[in-house]
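**Student:** Sequence:
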Amino acid sequence: MRIRIVGAGVMGRGVAQWAAVAGHTVELADAREESVTEAVGFVTDMLERAVHKGRMNRDEADAARARLVPLASPFAPPEPEDAPALVVEAVREDLETKAEVFAELAKVLPESAVFATNTSSLSVTEIGARLADPSRLAGLHFFNPVPLMKIVEVVPGAATREEIPGFLTAFAEGCGHRAVTVADTPGFLVNHAGRGLATEALALLEESVAPPADLDAIARDVLGLRMGPFALMDLTGLDVTASVIDTVWRGFRHSERLRPSYLTANRVTAGLHGRKTGRGWYPYGAQAPGDAAAPTPAPGGGDASRPVTVVGEGPDADALRALLAAGPAPVAEDAPGGARSEPLVLVPTWGGSVADAVAEGGLPPDRTFGLDPLSAVAARRVLAVTPATDAGALRDAAAVLGAGGAAVTVVRDTAGSVAQRLLASVVSVAASIAERHIAAPADIDLAVTAGLGYPYGPLTWGERIGAVRMLELQRALYATTGDPRYRPTRWVRERAQLGLPLTAPDTPLVQNPEENTP
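When we follow the working numbering, the leftmost residue of the sequence shown carries the number 124, and every step to the right adds one.
What the hints contain is simulated information worked out from the structure, not anything from laboratory work.
Please read these numbers as outputs of a predicted model, since none were measured by experiment.
We treat Cβ as the ideally placed atom computed from N, Cα and C, and that holds for glycine.
Treat the hints with caution; some may be incorrect.
Okay, the calculated beta carbon distance ranges per label pair [to be verified]:
1. Asp182 x Glu329: 51 to 59 angstroms
2. Asp606 x Glu156: 48 to 56 angstroms
3. Glu329 x Phe165: 36 to 44 angstroms
Required output: the full structure, derived from the provided sequences and hints.
**Tutor:** Okay, here's the thing in structure tokens:
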């Protein structure tokens, strides 16, 4: 197939390389001819690198390079036999600019040419409304770097012809990527789903639960993320992240679940964007200390053999008792009065807070700590303290939990602790996407793992915890905080009540009852 790419910047050149390697003839154009020359040089270098690394042979690289056709103008009229079947627009993220590009292309290309916009934040329907024929336009949202990020979002607008999403899906998958069809909504799928982690991490920082390095360490070592949310914001650029957060939040009419943080505006204004400016949540460059992103060490000098009482029954309490049984600290029985004497008191909180447990159970406030059950079997144990915590008891608790070599991070008491809140937010945002039928459950999980690098798709991740357990967490967070951000989702509640997995799709509504008549 012959395609035309308009915009030879980072995304345009990536799409050009990807499509040419897959065997398509690629016309590459830009308002600046120099950009086309630079892009062709870049793609040539990437092909050479692939040959040197053994990823393709010389003939394949030469053939891919030969399929790149630089154009002097984005609006060059084609010969009838060489008209492109598809145009991919990758110009700057501005509604009027994109609409103008498509209007000019419509003057020189046949009506059969499909138009695709690589917009990441604009409405496909709104772009299409500025075209004489909006039915030929759809979104085709790639991720950078295009050849490596093997996921693409196919986004039909309100007027897009019925056959175009299938055409774009076949094109993308024929080039080796996975394609997911997504409703034309703010952030589409991946950028919407990614708000769960970032906004909750910022909320935890707002509340002074822990500093960025500790929150990142918990995200990595307890949840299994490759990169913590603050390190990721520094990599992406806080200016970009904050803009996406605000855009998606405004697009969903100020949804509480997507609520931004006041922390980002001043940092963006101050130029604390992350790696590209030399400083973000962490410092970078020659002046940055080597351990700038290292988590805070737990207080040392404690007694690892101090007796411990575990409060509560059920699998979380049992798992914590089993963990402690392998260490030097004796585990006292949870008998009346036992938690009020010498032993440290550990509460495996699930959605609640240590302060609530102290008040409800009459526990000694100076010696009672919370332990996130998600961290009990992880490489990092998360210990929650309250304003009443005794410093000596804290040293002992850190020693007890770190006796087997696990790292210990101390955080301030909050509903659900850090990992639970991060996971609940990721799952809840994905559940909201599924509720709205923005994308199918399987596509949500596929796109998020491929686009964001999470260890599991968010619905599968929640299912690993269990639908009933996730509903308990949502309800406890909401009850403890009173914040509508944590209100239970219909998707999770229904599946918990019906005994279905969180990945189970909704039952399709019958469109034509006569088709189901025997």
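**Student:** Confirm or reject each hint.
**Tutor:** Verification of the supplied hints:
1. With their beta carbons about 57 angstroms apart, Asp182 and Glu329 fall inside the hinted range of 51 to 59 angstroms.
2. Asp606 and Glu156 have their C-beta atoms about 54 angstroms apart, which keeps the hinted 48 to 56 angstroms range intact.
3. Distance hint for Glu329 and Phe165: a CB-CB separation of about 41 angstroms, consistent with the stated range 36 to 44 angstroms.
Taken one by one, the earlier hints all hold for this structure without exception.
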